[in-house]
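Trainee: So the protein lines, in turn, are chains A and B. Just so we're aligned: the first sequence equals residues 3 to 259 in this note's numbering. Just so we're aligned: the second sequence equals residues 32 to 401 in this note's numbering.
Hints were generated in silico from the structure; no laboratory data involved.
Pairwise CB distance ranges (calculated): (1) B:Q221 x A:R43: 31 to 41 Å; (2) A:G54 x B:I164: 44 to 54 Å; (3) B:Q221 x A:H32: 23 to 33 Å; (4) B:P41 x A:D221: 42 to 52 Å.
Here are the computed lysine-lysine pairs in the DSBU-like style, where the Cα-Cα straight-line distance is at most 30 Å: (5) A:K149 x A:K190; (6) A:K35 x A:K87; (7) B:K393 x A:K142; (8) B:K335 x B:K393; (9) A:K124 x A:K87; (10) A:K250 x A:K190; (11) A:K245 x A:K218; (12) A:K124 x B:K156; (13) A:K149 x A:K124; (14) A:K250 x A:K218; (15) B:K320 x A:K124; (16) A:K124 x A:K142; (17) B:K320 x B:K156; (18) B:K156 x A:K149; (19) B:K393 x B:K156; (20) A:K149 x B:K320; (21) B:K320 x B:K393; (22) B:K393 x A:K149; (23) B:K42 x A:K190; (24) B:K335 x B:K320; (25) A:K218 x A:K142.
What you are looking at is a predicted structure, and each value in this text was computed from that prediction instead of being measured. Note that the Cβ used here is the ideal one computed from N, Cα and C, for glycine as well.
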Amino acid sequence: MSETQQAPKTLPADVVIEIAAMNKWYGSFHVLKDINLRVRRGERIVICGPSGSGKSTMIRCINRLEEHQAGDIVVDGVTLNADLKNIEHVRREVGMVFQHFNLFPHLTVLENCCLAPIWVRKIPRAQAEETAMNYLQRVKIPEQALKYPGQLSGGQQQRVAIARSLCMNPRVMLFDEPTSALDPEMIKEVLDVMVELAEEGMTMLCVTHEMGFARKVADRVIFMDAGQIVEEAAPEEFFNNPKSDRTKLFLSQILDH
Amino acid sequence: MSETTDTFVPKPSLPPPSGSVGITYWVRSRLFDGPVNSLLTLGAIWLLASTLIPLIDWAVIEAHFIGTDPNLCRTGGACWLFVDERLRFFVYGFYPDGQLWRVNLVLGAAVLAIGYLAIPNLPGKRWVVPAAIVGLPVLTILFMHGGVFGLPIVATDQWSGLTLTLVLSVVGIVAALPLGIVLALGRRSQMPAVRIICVVFIEVWRGVPLISVLFMASVMLPLFLPEGMQFSKVLRAMIGIVMFESAYMAEVVRGGLQAIPRGQFEAAAALGLGYWRTMALVVLPQALKLVIPGIVNTFIALFKDTTLVLIIGLFDVLATIHATIVDPEWPDIAPEGYIFAAMVFWVFCFGMSRYSQALERKLHTGHKRN
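Construct the entire structure; sequences and hints are all you get.
Mentor: Here's what the structure looks like:
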């Protein structure tokens, strides 16, 4: 174990992410207010809320794409702070899928998947390619391995992006509105892959508006508004018996039509 | 709901209506679609004919190509045999007569390396590039300068003609690109000290005309150097050109860096790639591809800018031509000389331009361009 692995308090062994009293500001705008969240291994969490509520910002703090100014974030036993070593450790162990895929357009699908394993994990190319083909098989596009991202549909690109993250063998997967930029006909193919991943026991944090997905796989649904966690409940409870009036309003707006 | 479903069959694609394709359609629609355009077309044809025909007459039909006697050129058109007579001087300048094979060896090696890289799909290119970058300067110093293997030293003052032009521009191109990339990255750095140094470097060198850079390199620099320490004039000119062009290159590259969406940096970061790997593997390959036209533009400008070394007393190819056309033995041969100079520069620049276009096509990975 390296020196970077210092947890501030003793956490239960199966806690993968611990966010405690975390606050973030953009300039003088208080974007995340006193966030507390504990994620255990294998948990599947769906985060929803109106746009601007800070849900994307929150999960982007987990791999330090955004910097938080107060409070603690501990991922995989490592405290996120300005130390580059800690940040790099966390990023190796946390995979992320973006709304706009963010595949590398100058590399083939296979090269996209192998880049980080080869250069970050130092895995030999042949082995990295084998692993990549394995994951491309699982997201059902092995036949596109030698194409460039620009030649694929949005749904195919997002599945490649998922495979690319999985190739790093992450302990947690973060999904930042993975289906929001997709045509309706392609949403299902991406959600199917995510459901499969959830059923295999991957720890997942997913910002999404796909309530069907939340009902189907989530262990917990988190509702955010104005930079705070408003409500946190199992999906059954969350959808049928929301406690906060803000949650009720949100649900009525997205479900009633 | 009815029991049966209609099967959707897309309509077949049909050919376009007749008369909207083909050469006669093209000529009619582009050149003669109305009285004004017809007049303009005829006028343009007349203008071309009245200038091109005499030019071809002078440069080809009436011209002298064969022979060595200047008096042949007293009558008729262009005197190309003059170029033929003086070609050795244009290419090698004052390089000593018996030693020309040394220049040929280096130029030959450079042509081989560049030719190998220009032909698509040859194996081992990743080894040719570093070998050429290391090997060519070593070859140049060992053979063109000499002093080893019993070769007599040919001081850089004697390097001239096309040889000097090529040495200056190849060194300039090979050094200015990496230096420009480093400066561009530095200018976008999060570290204030690095950023300020790069901004100052770029703005200072870019804000000064190349002529004054060369003057400073040749006249002022020796004043500041400690006594006994001396660079040759060619080396000083070389450094001046590299500094000047790398400042331009930095801004071209920065343009490319700014065009890369933030998502690319974020995706690379999320995968655990650090700053240098993100730049080298993700950002720069895309950014440089985007600015190939700008990079080649700078290369071409650099190649032509090397003619300015004339003013600090170095003899590049243009200077050798310039010095030759005043030879009283020959009739007025200035047009031939300058046309030849223009052709030499054009051939190299056009070659670079074509190569860059081929490179762009090769690196294009998205949907086919229209």
